[in-house]
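Please put together the full structure from these sequences, using the hints given.
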Amino acid sequence: MKKYTLLFCSIFVFVLLSACGQQSREDVVQKLEKMAEDMSSYQAQAMMTLQTGKEEQSYRIEVAHKKKNFYRVLLKNEQDEEGSQIILRNEEGVFVLTPALNKSFKFQSEWPNNNSQPYLFQSLVQDVVDDSDATFTATDNYYEFETKTSYESNSNLPYQAIYFDKKTYAPVRVKVMDQDKNTLVNVEFSSFDTDVDLPDDTFNRESNMTSSIFGVPVMAQEDLPSDLTVYYPTETLGAELVKEDQMDIENGQRVMLSYEGEKNFTVIQETITSVTTSAQSPENVNGEPVNLGFTVGALSSHTLEWQYDGVDYYLASDQLTKQEMIDVASSMTTQGSK
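Heads up: the sequence shown is residues -19 to -1, 1 to 319, going by mature numbering (1 follows the signal peptide of the UniProt record, and there is no 0).
Derived from the structure by calculation, the hints contain no laboratory data. Backbone N, C-alpha and C define an ideal beta-carbon position, used for all residues, glycine too. You can take every hint at face value.
Derived BS3-like pairs (lysine-lysine); straight-line CA-CA distance at most 30 Å: (1) LYS87 to LYS303; (2) LYS47 to LYS148; (3) LYS129 to LYS147; (4) LYS156 to LYS303; (5) LYS49 to LYS12.
Label-pair restraints from in silico Cβ distances: (6) SER113 to THR247: 40 to 50 Å; (7) THR164 to THR191: 32 to 42 Å; (8) GLY219 to ASN50: 37 to 47 Å.
Dropping the structure here:
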């Protein structure tokens, strides 16, 4: 009898000690917050896959961050190397750079603090902290949180599942989901290194505009499209195309599509006629950068503009919401060409 009693007590103590070794949700959140606060810098590499449009898009991502608000995000488009872009935040502001076209936008924006960013560690931690209703699960290898997102201009992605490594607390995977919990954005981290020494020019706009960072030279004049392939949005929110004006411009073409319905809007497409090899001043935008799935655009209250495959696009409406402008622009892929 004593033998069984001793065995029972041993098992009870073992279970008790095991339970004491488990981290609670509060413990994990505190450690994530401390890690985000204490690190002086980090570098990360990841693969991001988006299924938010008609075609799946993949980006290789490299993130560099220096405390407190210096960020550089390299978005290497796997389908269109010339369309690779950089999101940059430094002491001058927030920029979206397209080195192959030698084009840049400068934003009056609080990016990355105004929206969820599935590839930025601080943003992931903040989403966990802000959502008191977030679910928490500890598996053999990961701490998993399912939280609400904070996409100011995209209500189609309300949830995310975030996986942190159980030993290092580094981000491992992020799944951003729609209302039905279908994964539309998937980010898989391959490396995450903290307190790294970054080169002095890491966050310098002019240095980053040299497209050697992507291994893709600035597009030559002869590489620019002379014939315009017109793209039509497959999402028109019930509006119909009522007018299409095409005109020749110097070394290229321009087309203007006018849509009318419950909410009217206009889309302008224009071939980029020249690319200078010297650095240009950025175009100022009173708005924010948004990911359209195939490129990053510049969104303001009533306009959305972007470049893709040597073509400038401009969507304007005083009736569409920001979310609706994103929906229309995101639908303008090769599926909508004629």
